[in-house]
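**Student:** Sequence:
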Amino acid sequence: MKTRILMVCLGNICRSPLAEGILKSKVDPNKIFVDSAGTSNYHVDDSPDPRSIAIAREKDLDITSQRGRQFSVKDFDNFDRIYVMDMSNYHDVISLARSEEDRKKVSLILNEIFPEENVEVPDPYHGGTDGFTKVYEMLDEACEVIAQKHQ
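The sequence shown begins at 1 in the UniProt record's numbering and counts up by one.
Worth flagging that the hints you see were computed from the coordinates, not collected in a lab.
Just so you know, even glycine gets a beta-carbon here, dropped at the ideal spot from N, CA and C.
Treat each hint with caution, since some may be false.
What the hints assert, rightly or not - Restricting the straight-line Cα-Cα distance to at most 25 angstroms, the calculated cross-link-like pairs of lysine-lysine (PhoX-like) are:
1. Lys-134 - Lys-26
2. Lys-26 - Lys-104
3. Lys-24 - Lys-105
4. Lys-134 - Lys-149
5. Lys-59 - Lys-24
6. Lys-31 - Lys-59
7. Lys-149 - Lys-2
8. Lys-24 - Lys-74
What the hints assert, rightly or not - With beta-carbon atoms standing in for the labels, derived distance ranges:
9. Asp-80 - His-126: 28 to 38 angstroms
10. Ser-40 - Gly-127: 35 to 45 angstroms
11. Asn-30 - Asp-130: 34 to 44 angstroms
Please construct the entire structure, taking both the sequences and the accompanying hints into account.
**Tutor:** Below, the structure is given as structure tokens:
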């Protein structure tokens, strides 16, 4: 049975598409399914931010086929692990949890490299290209740990 992992940020155009693309590049797609979503509906059906696409392309990843979608309660049923980018995303996702089982699926992605420290992935949306590069590096490190756990 495939492990199903969901990456979540606010709009599903910057951080979570990068996390999805990075993790997909590190795992066997026959064993692990990776998707992403946003807690808001601001960018439903939109392509990832051009700056996310550019940094991904720079790292030989193509995330252009991804489209924004909003996180829903059904995602608790459809995914084994839900990684959020910051505390705001965490609270938004947890507020939809129906049970302790749902809540146990959710964690901050950077807790994979900084256990229990609740370090957040900053939202690069309102900044320059530099922020996207830093976010990519953080997510790459966390996704490497996640990939190793699920091999």
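**Student:** Return the numbers of the hints above that this structure violates; sort them in rising order.
**Tutor:** Violated hint: only 10; rest satisfied.
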